[in-house]
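A.B. asks: As they're listed, the protein sequences go chains U and V. Residue 147 in numbering that gives the first Met the number 0 sits at position 148 of the first sequence, with consecutive numbering throughout. Residue 64 in numbering that gives the first Met the number 0 sits at position 65 of the second sequence, with consecutive numbering throughout.
Note that these hints are calculated values from the structure, not bench results. Where hints are given, some of them may not hold.
The list makes no distinction among identical chains, and a pair is therefore deemed to hold if it is satisfied within one copy or across any two copies.
[Claimed, not checked] Derived DSS-like pairs (lysine-lysine); straight-line CA-CA distance at most 27 Å:
hint	residue 1	residue 2
1	K23	K165
2	K96	K165
3	K157	K79
4	K165	K45
5	K165	K39
6	K45	K23
7	K157	K23
8	K39	K123
9	K74	K39
There are 2 protein chains.
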Amino acid sequence: MELYSGYINKLVDELAALPGIGSKSAQRLAFHLINMPQDKVERLAKVMTEAKANVRYCSQCYTLTDSDICPICAKSNRNKRMIMVVENTRDLAAYEKTQKYEGVYHVLHGAISPMIGIGPGDIKIKELVERCAGDVDEVILATNSSLEGETTAMYISKLIKPMGIKVTRIASGVPVGGDLEYIDEVTLSRALDGRLEM
Amino acid sequence: MELYSGYINKLVDELAALPGIGSKSAQRLAFHLINMPQDKVERLAKVMTEAKANVRYCSQCYTLTDSDICPICAKSNRNKRMIMVVENTRDLAAYEKTQKYEGVYHVLHGAISPMIGIGPGDIKIKELVERCAGDVDEVILATNSSLEGETTAMYISKLIKPMGIKVTRIASGVPVGGDLEYIDEVTLSRALDGRLEM
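Work out the full structure: start from the sequences and follow the hints.
C.D. replies: See below:
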């Protein structure tokens, strides 16, 4: 894109390198930013660098937070003996929104994926095992139901079960409101296997 | 979203305010930014503020550029007597990519839209009329074929034609590769009206 000036080209290139932003969106965003008031652009730039500089891992559950201990781990009414293992902070947030979970979390920051060279040592599994050495009743594996998520769940299960801790996996099945006709066979057979008495 | 820390929430909110970025994308982007190396985040922030600070209007065609005169107006081999009127710099770029146009441009930065309170005085129409006082043979109206674009084209045509300048409008019709079956009636009837002898 040598049609734009140097500054615009640079901005379009930087934006297009972000995930989910294609070349057309990057152009639209770039022109939006250029048309925004100067102070708003500066505020956005500041918020970005500040978030990057100040956000770190919770020393207990490894979620991204800006204090030593995240708000969830800091709450006295959460059950610290129940740990839900998730792949990332967005998954944690998704479960928090349900307002149904009373325990705490452990954020792995990824899943085992030999295809792209991510091994057990690259995600926060060692840290989970260390936490499990304390007083823990149950570890709920809530990694994604993708190949990587399943592999990670299996791997963790094999490490934690011998420690005498109950290890559970969230159910797979037909999503609520889902139409059977459009659901893949693997999900359907999982839903069958996981059937519960009514 | 009070699930995240203050810095993350602020970043998500800022990103979600950008066009075409919903709440989910904003979260994905925010975590991507936080996981990026510090120097890359700082570079993106710098490129944003620099683009905003340095980009201005070309003094001739009003496209966004970083010098007094844009590269297109500065080129000696472009026909300065032919002006294509477009709504914004992205539309200019779209036409430049065709490599078929030898004239220069005039960027309006919008279109007349009484619905959202944009009148002729809010876009660069006065500047176009001033340019037409010079040596101009033809003004090609390449505003969008939306209601606003058509209104703007009509308005400009009425101003410029009496100055003895040829005013043309780019053709509407079936897009190349388009399947007639899926094209709306207005486009189809425009395509019929604009038919050319083979």
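A.B. asks: Evaluate each hint against the coordinates.
C.D. replies: Here's how the hints hold up against the structure:
{"no.": "1", "hint": "K23 x K165", "verdict": "neither (50 Å within a copy, 33 Å between copies)"}
{"no.": "2", "hint": "K96 x K165", "verdict": "within (25 Å within a copy, 62 Å between copies)"}
{"no.": "3", "hint": "K157 x K79", "verdict": "within (22 Å within a copy, 74 Å between copies)"}
{"no.": "4", "hint": "K165 x K45", "verdict": "neither (45 Å within a copy, 50 Å between copies)"}
{"no.": "5", "hint": "K165 x K39", "verdict": "neither (50 Å within a copy, 42 Å between copies)"}
{"no.": "6", "hint": "K45 x K23", "verdict": "both (25 Å within a copy, 21 Å between copies)"}
{"no.": "7", "hint": "K157 x K23", "verdict": "neither (46 Å within a copy, 33 Å between copies)"}
{"no.": "8", "hint": "K39 x K123", "verdict": "between (37 Å within a copy, 24 Å between copies)"}
{"no.": "9", "hint": "K74 x K39", "verdict": "neither (35 Å within a copy, 35 Å between copies)"}
Hint compliance for this structure: hints 1, 4, 5, 7, 9 are not met, and every other hint is.
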